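Novice: Each chain, letter by letter, is given below.
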Amino acid sequence: MIEGALFLSALLSVFITVGIIGVLLFETVSFFGEVSILDFLTDTEWTPLFADKHFGILPLFTGTFLTTLIAMAVSLPIGLISAIYLSEYASDRLRTTAKPFLEILAAIPTVVYGYFALLFVTPLLQKIIPDLSGFNALSPGIVMGIMIIPIISSLSEDAMHAVPNGLREGGYALGSTRLQVALRVVLPAAFSGVAASFILGISRAVGETMIVAVAAGLQPRLTLNPFVPVETVTAYIVQVSLGDTPAGTIEYRTIFAAGMSLFVVTFLLNIISYSLRKRFREVYE
Amino acid sequence: MNGQETIRVEISDHKRIGRLADRAFSILGLFATTVGLAVLLVLLIDVFIDGYPRLGWDFLTQYPSRKPENAGILSAWVGTAWLMVLTALIAFPLGVASATYLEEYGRKSWLTGFIEINIANLAGVPSIIYGLLGLGLFVRGLNLGRSVLAGAATLAILVLPIVILASRESIRAIPASIREASYALGASKWQTIRHQVLPAAMPGILTGTILAMSRAIGETAPLITIGALTYVAFVPTPPVSLEPPFIHPQGLFDAFTALPIQVFNWVSRPQKAFSINAAAGIIILLIITFVMNGIAVYLRHRYQKKIRW
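Protein chains in written order, with the numbering used here: chain A, 76 to 360; chain B, 124 to 432.
Please keep in mind that the hints were generated in silico from the structure rather than gathered at the bench. One should not assume that every hint holds.
25 Å max Cα-Cα, derived PhoX-like pairs, lysine-lysine [to be verified]:
#1 K202(A) / K138(B)
#2 K231(B) / K353(A)
#3 K395(B) / K190(B)
Here are a few chain B residues that sit away from chain A, every Cβ distance over 12 Å (derived from the structure) [claimed, not checked]:
#4 G174
#5 R263
#6 P298
#7 N388
#8 Y426
What you are looking at is a predicted structure, and each value in this text was computed from that prediction instead of being measured. Beta carbons: idealized from backbone N, C-alpha and C, even for Gly.
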């Protein structure tokens, strides 16, 4: 009896996934009853809230792509260098103190980062780039990148730390320097774990909502210019939710169609990351 | 210069460059590790300078207002308190039960494997997707409306994977000898779990739950998606009172706002006075988040030291 109840709670997580897919699918199907998939994927305008409605998701995709690209350009090199440093150079004491501090970055509510991007980073950047609009992709992208650093550095560091010392000693015995061992022995050996951390970082950036909703502007625009206002898939969902959109209307359904695209992308990224992580565990533990 | 010497010179050159590169990298590495912390420090200082003058008793006891200097966070923090209590009440038992099953009962089968992959995947689903689930399932499907209960249920589902993963880790760390000793005294499997395993694992489970709650308290996107209001000049009906019938469950179904939503609302306004309010709200939010994280770290540290199996 008790076992049955516990089993049901364990099964709940499966129901949640089913629920997510079910809810998204239900509204998305009715959405595509009114809008053709071809228009959705190829139209270059996204104006469901205007009188002249266009339902091309591309401007939202480019918004998400652009902010994610900027975030990864910040977090990937910094996170990776920091991981190599912590795993191969730093003393154990520095390693164990630095990690919890870095994790504070991940604990801060994202709306706080939004505030920081809009009211601190953007004005700062405007001093360097006078053409920068008050809402833009650059500033939230950079701030998002900083938020993602701990994900990449922490997971990559775990993977590199798990590489057996024998491999390192082999490298040193051949006369390699620390840096050579780190880059040519440890990093390749930990590759699947490091790659998993990158993909998880991308997935976080794609799904991040509040930073871009606050600081990127809410204007869907098919552009890769980081200096002008854009809108991401996630920010669009927020924008519609803030208004009073009655259930059953096409505007209401757009957020589920947008959410479905988001879910599919992050789901694939998470699965790839999970299987990569599993692989490095199997090799060294 | 003969051949041997040339080689020797080249090797020492090589060594020098190698050492130099090593040195340069360790400086770069230290920089990369501290840059995040430096930004964090700048963020904290910036928010503190902006928001500190606005903090005061009034700020905590007044409703939001069109006039920024009169606006406070009463409805926001009361809403957040409701959400936290309800979210913990829903997520804690479900998370612990699920972890207990997976660690103590679940045999290796395709189903438990599937559940495991599924939980790992849920932990990576963007929070706004949970908002859409909450909107479709709780707000519309179960007809809870844009109530504090619908908000808490959404947040509970969002943090459930965190509670499950932390509880599993904690239960797994209990050595088999504890269980065997309990069986040897004639205890049943459930008695062993109930009286030995779970109490011993509780510090770790609580740590995970507190961390999960500190995540939930800052979540904004899912609450906006389920339709939490951004301007609320009332608080949910208090759950208890001094007059009969003493207990008032109708508060569960009242509309609500929460601290991060109030902050978002103020940030999105162009007037400077409102962004000062936002900064003040952020200070309160960060204090709560850091205190929760601090308690979790303290608990973990304390029990790691004390217990030696």
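Novice: Tell me, in ascending order, the numbers of any earlier hints that this structure violates.
Specialist: 1, 4, 5, 7
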